[in-house]
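K.L.:
So you can see what is in the structure, the chains are spelled out below.
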Amino acid sequence: MDTSSISGHDLITAAKMIGAGLACSALIGAGIGIGDLWGKYLDGALRNPGAASSQTTNLFLGFALVEATGLYGLVIALIILFT
Amino acid sequence: MSPLEQFSVTPLVSLHIAGYDVSFTNQALVMCIIVAAASLFMALAVRKGGLVPTRSQSMAELSYEFIANMIDATAGKAGYRFFPFVFAIFMFVILSNYFGLIPGVFTVTSQIAVNFALAVVVILTVIVTGFLKHGIRFLTLFVPKAKWYLLILLVPIEVVSFFTRPISLSVRLFANMLAGHTMLAVFAGFVVSLGAAGGLLSIIAVAPMFMIVAVMALEFLVAFLQAYVFTMLTCIYLNEALHLHDNH
Chain P
1 MDTSSISGHD LITAAKMIGA GLACSALIGA GIGIGDLWGK YLDGALRNPG AASSQTTNLF
61 LGFALVEATG LYGLVIALII LFT
Chain F
1001 MSPLEQFSVT PLVSLHIAGY DVSFTNQALV MCIIVAAASL FMALAVRKGG LVPTRSQSMA
1061 ELSYEFIANM IDATAGKAGY RFFPFVFAIF MFVILSNYFG LIPGVFTVTS QIAVNFALAV
1121 VVILTVIVTG FLKHGIRFLT LFVPKAKWYL LILLVPIEVV SFFTRPISLS VRLFANMLAG
1181 HTMLAVFAGF VVSLGAAGGL LSIIAVAPMF MIVAVMALEF LVAFLQAYVF TMLTCIYLNE
1241 ALHLHDNH
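Residue numbers (my numbering), protein chains in the order written: chain P, 1 to 83; chain F, 1001 to 1248.
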């Protein structure tokens, strides 16, 4: 490949793409968080099924909060790509 | 077509006053419809006010009780004064989220400006309430019970976390709506491009179509959850302003 034809603009585009991809690593944390959340919930719910239904609101509240952290990464990726 | 095209705000009636662009946009139209729909529904549903509720009346009562219970659980009796405020926020956010799920309808909460305005109103209410109720003592909200050498570290953290609340509150809702609708548009794009490819690929186009159905189901959950979380956090912040560190 002829490297002399690569301009500074191409480098910036490439760096943006890499940066946007790296921003998606926020999903690692969100994945661990959601997995842990539901896993722990099931763990507790199977031990004490009677108390399970009283904790569903907390479960979904936690789910929404954890899921949002992964989406912050997406927002950063979009900001990198479209600015 | 870019999957982000659905979020573009376009003016319906162009209007410029003193150099400011105050055009009536598609976003403003949807917001007007939402406010009108919510007000009309609540007014019509409880018009009869029967002892045995009709279906629409029990929907109105359910949403009322839902928010009343939420305020009671988080902020206690003192929080009841804020019921109209919290209820208005909940109805606006949840209807914006659900209206946005109708194909072709603009999603109001996918605009960070709308969410940030809502979040700033919430945080200003919290600050004003706190100062009215506790006066200068409201500032002890930033001072947790700890040794003095820890306070040097903790007080700045508390202050920063307080003032980033409007940002996290608005970005959470914005990102969820943006991500969900972008995902739907991306999968719809797969269906179109696979269907247009012809042959065996047209048959595979069914797969992303079923995926859209699944994502749509998730979006229905997320639309409710995010409205719930937004309102819940509003209540929790109000509770702090009303009761500082002690529990109600």
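Keep in mind the hints are simulated off the structure, nothing from the lab. Warning: the hint list may mix true and false statements.
Here are a few chain F residues that face chain P, going by a calculated C-beta distance under 7 Å [stated by the list, open to error]:
#1 I1067
#2 A1068
#3 G1130
#4 R1172
#5 N1176
#6 L1225
These numbers were taken from a predicted model, which means no experiment stands behind them. Idealized CB from N, CA, C, for every residue including glycine.
K.L.:
Confirm or reject each hint.
P.N.:
Now the hints, each set against the structure:
The restraint placing I1067 of chain F at the interface with chain P is violated, with a minimum CB-CB distance near 14 Å, outside the 7 Å limit. With its C-beta approaching chain P no nearer than about 15 Å, A1068 of chain F sits outside the 7 Å limit, and its interface hint is violated. Using the Cβ-Cβ criterion of 7 Å, the hint placing G1130 of chain F at the interface with chain P is not satisfied: the shortest such distance is roughly 24 Å. With 7 Å as the threshold, the beta carbon of R1172 of chain F comes within range of chain P, its nearest partner Cβ sitting at about 4 Å, so the hint holds.
Hint status for N1176 of chain F: holds, given a least beta-carbon distance of 6 Å to chain P, under 7 Å. Below 7 Å, beta-carbon pairs count as interface contacts, and L1225 of chain F has one with chain P at about 4 Å; its hint therefore holds.
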